[in-house]
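Participant: Assemble chain B onto chain A, guided by the hints.
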Amino acid sequence: KQEVTQIPAALSVPEGENLVLNCSFTDSAIYNLQWFRQDPGKGLTSLLLIQSSQREQTSGRLNASLDKSSGRSTLYIAASQPGDSATYLCAGGGSNDYKLSFGAGTTVTVRA
Amino acid sequence: AAGVIQSPRHLIKEKRETATLKCYPIPRHDTVYWYQQGPGQDPQFLISFYEKMQSDKGSIPDRFSAQQFSDYHSELNMSSLELGDSALYFCASSLSRENTGELFFGEGSRLTVL
Chain A
1 KQEVTQIPAA LSVPEGENLV LNCSFTDSAI YNLQWFRQDP GKGLTSLLLI QSSQREQTSG
61 RLNASLDKSS GRSTLYIAAS QPGDSATYLC AGGGSNDYKL SFGAGTTVTV RA
Chain B
1 AAGVIQSPRH LIKEKRETAT LKCYPIPRHD TVYWYQQGPG QDPQFLISFY EKMQSDKGSI
61 PDRFSAQQFS DYHSELNMSS LELGDSALYF CASSLSRENT GELFFGEGSR LTVL
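Top to bottom, those sequences are chains A and B. Position one of the first sequence corresponds to residue 1 (the numbering used here), numbered consecutively onward. Position one of the second sequence corresponds to residue 1 (the numbering used here), numbered consecutively onward.
It is worth saying that the hints were derived from the structure and are not from the lab. Even for Gly, the Cβ is constructed at its ideal location relative to N, Cα and C. Incorrect hints may have been included.
As the list claims (entries may be wrong) - Here are some of the chain B residues that sit facing chain A, going by a computed Cβ distance under 10 Å:
| id | residue |
| --- | --- |
| 1 | Tyr50 |
| 2 | Ser65 |
| 3 | Ala92 |
| 4 | Ser94 |
| 5 | Ser96 |
| 6 | Glu107 |
Said to hold, decoys possible - Per label pair, the in silico range of CB-to-CB distance:
| id | chain 1 | residue 1 | chain 2 | residue 2 | range |
| --- | --- | --- | --- | --- | --- |
| 7 | A | Lys1 | B | Arg16 | 29 to 35 Å |
| 8 | B | Ser70 | A | Glu17 | 47 to 53 Å |
| 9 | A | Arg61 | B | Ser86 | 18 to 24 Å |
| 10 | B | Arg63 | A | Thr5 | 26 to 32 Å |
| 11 | A | Gly83 | B | Pro8 | 27 to 33 Å |
| 12 | B | Leu83 | A | Thr5 | 40 to 46 Å |
| 13 | A | Thr5 | B | Ser86 | 37 to 43 Å |
| 14 | A | Gly83 | B | Asn99 | 29 to 35 Å |
| 15 | B | Asp62 | A | Glu17 | 46 to 52 Å |
Stated by the list, open to error - Away from chain A, derived, C-beta distances all over 12 Å, residues of chain B:
| id | residue |
| --- | --- |
| 16 | Arg9 |
| 17 | Glu14 |
| 18 | Lys15 |
| 19 | Ser48 |
| 20 | Lys52 |
| 21 | Ser55 |
| 22 | Asp56 |
| 23 | Pro61 |
| 24 | Gln67 |
| 25 | Ser70 |
| 26 | Tyr72 |
| 27 | Glu82 |
| 28 | Arg110 |
| 29 | Leu114 |
Chain A extracted, bound-state conformation (with noise of 0.2 Å):
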């Protein structure tokens, strides 16, 4: 069963700093990582999907990269705004039937 964790599960950083969110999970077979945002109530936003095959995905101010080796998956988010104020959760997929296990979040607060 894949374990996704993710740490911290807060941070708070002045506007303009660049943002490292760090997603770690068990199973090395993972098939894809999604990364996703969440604004408090609302609804999840995909952001961007890694095959396991790839490196990283970039978009926009937005860059994930995937080590499956060690487990890992970093959000780095450049030049940061009070917007891009949420919760952030990454999710693992499996290669059966691409399910995903998803990580507990961390929630970034950009302080204008």
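Facilitator: Then chain B, alone, in the frame of chain A:
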């Protein structure tokens, strides 16, 4: 592009009542997943269906049941509701032959049990 549609978006029920949530996957998607996210919790996998057959089962209570219909929409039925069932319920869909394995999530249905 069409997304995953969930209804209702909000639902308020009394204890011991029954609730039904509906999910309409992205057209052509053949797999549906249900997740439950309690307050301050991460989404927990409940159950999934592939081609109208149950494909996997997670931490779904016996009071809950689900099915996928011929048009691929899915319904989650919850009976004898308890206060602890108050949560955000997400549905996601995927296309099994799409090699990315990406799941697309709906906006969720918020169930409040009083």
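Participant: Determine for every hint whether it applies to the structure shown.
Facilitator: Comparing the hints with the structure gives:
no. : hint                           : result
1   : Tyr50                          : 7 Å, holds
2   : Ser65                          : 19 Å, violated
3   : Ala92                          : 8 Å, holds
4   : Ser94                          : 5 Å, holds
5   : Ser96                          : 8 Å, holds
6   : Glu107                         : 4 Å, holds
7   : A:Lys1 to B:Arg16: 29 to 35 Å  : 33 Å, holds
8   : B:Ser70 to A:Glu17: 47 to 53 Å : 52 Å, holds
9   : A:Arg61 to B:Ser86: 18 to 24 Å : 35 Å, violated
10  : B:Arg63 to A:Thr5: 26 to 32 Å  : 30 Å, holds
11  : A:Gly83 to B:Pro8: 27 to 33 Å  : 29 Å, holds
12  : B:Leu83 to A:Thr5: 40 to 46 Å  : 29 Å, violated
13  : A:Thr5 to B:Ser86: 37 to 43 Å  : 26 Å, violated
14  : A:Gly83 to B:Asn99: 29 to 35 Å : 33 Å, holds
15  : B:Asp62 to A:Glu17: 46 to 52 Å : 48 Å, holds
16  : Arg9                           : 10 Å, violated
17  : Glu14                          : 22 Å, holds
18  : Lys15                          : 22 Å, holds
19  : Ser48                          : 6 Å, violated
20  : Lys52                          : 14 Å, holds
21  : Ser55                          : 5 Å, violated
22  : Asp56                          : 6 Å, violated
23  : Pro61                          : 18 Å, holds
24  : Gln67                          : 17 Å, holds
25  : Ser70                          : 20 Å, holds
26  : Tyr72                          : 16 Å, holds
27  : Glu82                          : 21 Å, holds
28  : Arg110                         : 8 Å, violated
29  : Leu114                         : 18 Å, holds
The structure fails hints 2, 9, 12, 13, 16, 19, 21, 22, 28 (numbered hints given earlier, in ascending order).
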